[in-house]
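Residue numbers (the numbering used here), protein chains in the order written: chain P, 1 to 411; chain A, 1 to 260.
Heads up, a few of these hints could be off.
In silico SDA-like cross-links for lysine to any residue, where the CA-CA straight-line distance does not exceed 20 Å [to be verified]: (1) P:K211 / A:T64; (2) A:K104 / P:Q408; (3) P:K289 / A:V62; (4) A:K120 / P:K212; (5) A:K104 / P:K211; (6) A:K98 / P:S159; (7) P:K212 / A:P21; (8) P:K211 / A:K120.
Please keep in mind that the hints were generated in silico from the structure rather than gathered at the bench.
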Amino acid sequence: MARYTYPEEHELQRFVQARYRKAWVWQAVFLSSLIIAIISLTALLLNVVDGSFGYIAYEFKKDPYTISEKPLDELTRDELIAILKDNLSRGAYNKLNNEKAMEERSQSELYNLVIERIIQIKTRETYPFFRSLFEKEKIEAEVRENFPDARLEFRSWLSPDFLTTPMSSRAEFAGVRTALLGSLWLVTIAIAFALPVGVGAAIYLQEYSDKKNIINRIIQTNINNLAGVPSIVYGMLGLAIFVRTLESLTSGALFGVTDSNGRTVLSAGLTMGILVLPLVIINAQEAIKAVPDSIRQAAYGVGATRWQTVWSHVLPNALPGILTGSILAMSRAIGETAPLIIVGASTFITVDPQSPFSKFTALPIQIYQWTARAQSEFHNIAAAAIIVLLAMLLTLNATAILLRNHFQRRY
Amino acid sequence: MQPQNSQYAIETRDLSIFYGPFEAVKDVNLKIEKQKITAIIGPSGCGKSTLLRAFNRMNDFVPTSYVKGEILLHGVNLYNKEIDPVEVRRKIGMVFQKPNPFPKSIYENIAWGARINGYKGNMDELVEQSLRGAALWDEVKDKLKQSAYALSGGQQQRLCIARAIAVQPEIILMDEPASALDPISTLRIEELMQELKKNYTIIIVTHNMQQAARVSDYTAMMMLYEDTRSGTVIEYDKTEIIFTRPKDKRTEDYVTGRFG
Numbered sequence: 001m002a003r004y005t006y007p008e009e010h011e012l013q014r015f016v017q018a019r020y021r022k023a024w025v026w027q028a029v030f031l032s033s034l035i036i037a038i039i040s041l042t043a044l045l046l047n048v049v050d051g052s053f054g055y056i057a058y059e060f061k062k063d064p065y066t067i068s069e070k071p072l073d074e075l076t077r078d079e080l081i082a083i084l085k086d087n088l089s090r091g092a093y094n095k096l097n098n099e100k101a102m103e104e105r106s107q108s109e110l111y112n113l114v115i116e117r118i119i120q121i122k123t124r125e126t127y128p129f130f131r132s133l134f135e136k137e138k139i140e141a142e143v144r145e146n147f148p149d150a151r152l153e154f155r156s157w158l159s160p161d162f163l164t165t166p167m168s169s170r171a172e173f174a175g176v177r178t179a180l181l182g183s184l185w186l187v188t189i190a191i192a193f194a195l196p197v198g199v200g201a202a203i204y205l206q207e208y209s210d211k212k213n214i215i216n217r218i219i220q221t222n223i224n225n226l227a228g229v230p231s232i233v234y235g236m237l238g239l240a241i242f243v244r245t246l247e248s249l250t251s252g253a254l255f256g257v258t259d260s261n262g263r264t265v266l267s268a269g270l271t272m273g274i275l276v277l278p279l280v281i282i283n284a285q286e287a288i289k290a291v292p293d294s295i296r297q298a299a300y301g302v303g304a305t306r307w308q309t310v311w312s313h314v315l316p317n318a319l320p321g322i323l324t325g326s327i328l329a330m331s332r333a334i335g336e337t338a339p340l341i342i343v344g345a346s347t348f349i350t351v352d353p354q355s356p357f358s359k360f361t362a363l364p365i366q367i368y369q370w371t372a373r374a375q376s377e378f379h380n381i382a383a384a385a386i387i388v389l390l391a392m393l394l395t396l397n398a399t400a401i402l403l404r405n406h407f408q409r410r411y
Numbered sequence: 001m002q003p004q005n006s007q008y009a010i011e012t013r014d015l016s017i018f019y020g021p022f023e024a025v026k027d028v029n030l031k032i033e034k035q036k037i038t039a040i041i042g043p044s045g046c047g048k049s050t051l052l053r054a055f056n057r058m059n060d061f062v063p064t065s066y067v068k069g070e071i072l073l074h075g076v077n078l079y080n081k082e083i084d085p086v087e088v089r090r091k092i093g094m095v096f097q098k099p100n101p102f103p104k105s106i107y108e109n110i111a112w113g114a115r116i117n118g119y120k121g122n123m124d125e126l127v128e129q130s131l132r133g134a135a136l137w138d139e140v141k142d143k144l145k146q147s148a149y150a151l152s153g154g155q156q157q158r159l160c161i162a163r164a165i166a167v168q169p170e171i172i173l174m175d176e177p178a179s180a181l182d183p184i185s186t187l188r189i190e191e192l193m194q195e196l197k198k199n200y201t202i203i204i205v206t207h208n209m210q211q212a213a214r215v216s217d218y219t220a221m222m223m224l225y226e227d228t229r230s231g232t233v234i235e236y237d238k239t240e241i242i243f244t245r246p247k248d249k250r251t252e253d254y255v256t257g258r259f260g
């Protein structure tokens with residue numbers, strides 16, 4: 001018998017300690033990776049929060065107290081109309097009246113008009129959240145010195161109004177309503193296209209195709225690669241196919257819509273659909289693969305056809321996985337920006353998207369636009385819009401988890 | 001070819017089963033008796049399950065597999081081009097090694113097979129009869145809507161038997177149906193098989209020679225060819241003969257535990 005040379009009794013202690021040391025080093029490495037990840041995420045969040053709230057120094061062209069004794073937002077419609085009449089030139093008033101009769105405008109519309117046309121708030125400076133929190137006196141002193149006429153007020157750029165007002169050229173009045181609705185349209189169209197097509201392809205690849213066949217293997221490999229193609233390439237594809245080649249379809253010309261070109265929410269949604277298609281296919285394939293073979297055999301054993309087996313057993317059991325994958329795909333579609341720029345999202349649009357043939361903008365586009373502006377208040381609303389986008393993503397992912405838990409089966 | 005009455009339930013003629021170039025089972029000639037239990041025994045890897053799965057064309061799902069020779073049911077070769085394997089599997093049911101009920105209710109487990117095969121009668125009645133036939137009715141009659149996964153392993157396996165008999169096959173194939181069960185559940189399955197053979201022909205693959213001796217009327221002994229690694233039936237006879245005075249020396253060695 002061979003003699004095995006394990007450590008002798010007196011070496012054992014040192015040997016064991018060396019092993020523990022090695023294990024400890026690795027554990028520390030893993031922990032620090034986690035800490036780095038957490039720090040980056042926290043920094044991101046703090047940065048966004050920093051921009052979304054804070055002091056704002058602004059001036060009035062006309063002090064509201066000189067035109068009304070009561071606070072403006074407590075005035076009735078008639079009083080607001082009177083103010084508009086008194087303070088605007090006749091020409092300007094008539095022009096507004098011609099756009100939409102004053103009597104037809106709501107109280108808040110009139111209020112906004114007064115603010116925009118008469119009071120004319122002018123933002124002098126905005127301050128980030130954490131400075132506002134910790135250096136209040138310093139900010140006050142700074143404002144007194146630089147803008148003696150300015151008022152200082154704490155403002156939350158993220159507010160219910162921010163969600164419900166459309167785009168505006170003035171950051172103080174701008175909201176994400178148009179972009180939010182655009183994003184929802186986009187995702188709905190993308191998933192309505194990608195889900196059936198993707199699940200169908202996954203069923204074919206997984207249940208019908210001969211996996212040893214060379215052509216099927218090439219297709220499979222290519223689907224996996226497509227999932228990694230840069231999104232801007234899909235944008236080019238969308239531009240060529242949906243915006244240009246299929247313009248009569250995507251502009252709605254075939255359906256009698258006349259005032260539109262191919263740069264519609266439909267084109268963008270289909271482009272996003274193609275972009276997430278490989279993701280949906282791969283996820284659905286994984287979900288189908290996870291259904292145990294014994295269930296298929298049982299179904300075949302009682303004389304089921306392939307389709308009966310897939311429909312009654314494979315699909316229901318794969319459903320939670322398919323749903324999770326689809327919602328992850330939706331999150332991807334919501335966050336993508338590059339393809340939208342290429343397909344032609346509108347940069348300034350105040351009308352809600354009404355149909356698939358509407359012009360549109362989307363949250364990431366809006367954020368991109370606003371961060372590119374020079375005025376600092378646009379950076380504040382960009383930060384607020386980022387919070388809206390993150391909240392939307394979080395909601396979707398939470399839905400994915402809930403759905404998965406609800407449909408999950410155990411074998 | 002018209003179906004004809006045969007004195008045998010199912011018959012193989014020079015049956016060879018291939019996986020690609022590999023001949024897994026070679027030249028099998030078996031005449032399975034009606035309403036009897038036929039056991040297929042033999043050492044691991046000798047092609048017992050492959051042979052069993054050829055009877056209801058389950059091997060079709062292995063892409064490279066094909067057969068030579070014939071399997072005759074009522075005088076018709078099951079591997080004829082015009083034969084639909086789906087139809088074959090309805091006539092020749094199967095119970096698998098591990099209990100594999102559908103992740104549905106107990107009721108649905110039985111009803112699904114009937115429904116997809118176009119059963120038009122009273123479903124409640126069929127479910128009850130099938131469960132009674134599998135000696136499971138009394139245990140589950142109050143919880144038919146519950147998941148089949150709430151049952152014990154032995155009950156699940158009897159549910160699988162009930163599911164198989166619900167589509168009224170002629171033959172039931174059992175691939176080591178008790179190997180994943182405890183001795184008491186095994187005993188119940190064996191008792192059930194004695195009941196079932198009044199109406200069905202049963203072919204069972206088993207590793208357990210005592211089981212083969214206890215339950216079967218006929219036994220086929222399989223063995224590997226040393227040179228080609230193909231399995232074949234070396235002896236097929238009444239079970240009592242196989243276990244008491246086999247003609248083949250290798251069978252004797254195997255059943256007495258000297259080999260395998």
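- Query: Any of the earlier hints contradicted here, and which numbers?
  - Reply: 4, 5, 6 and 8
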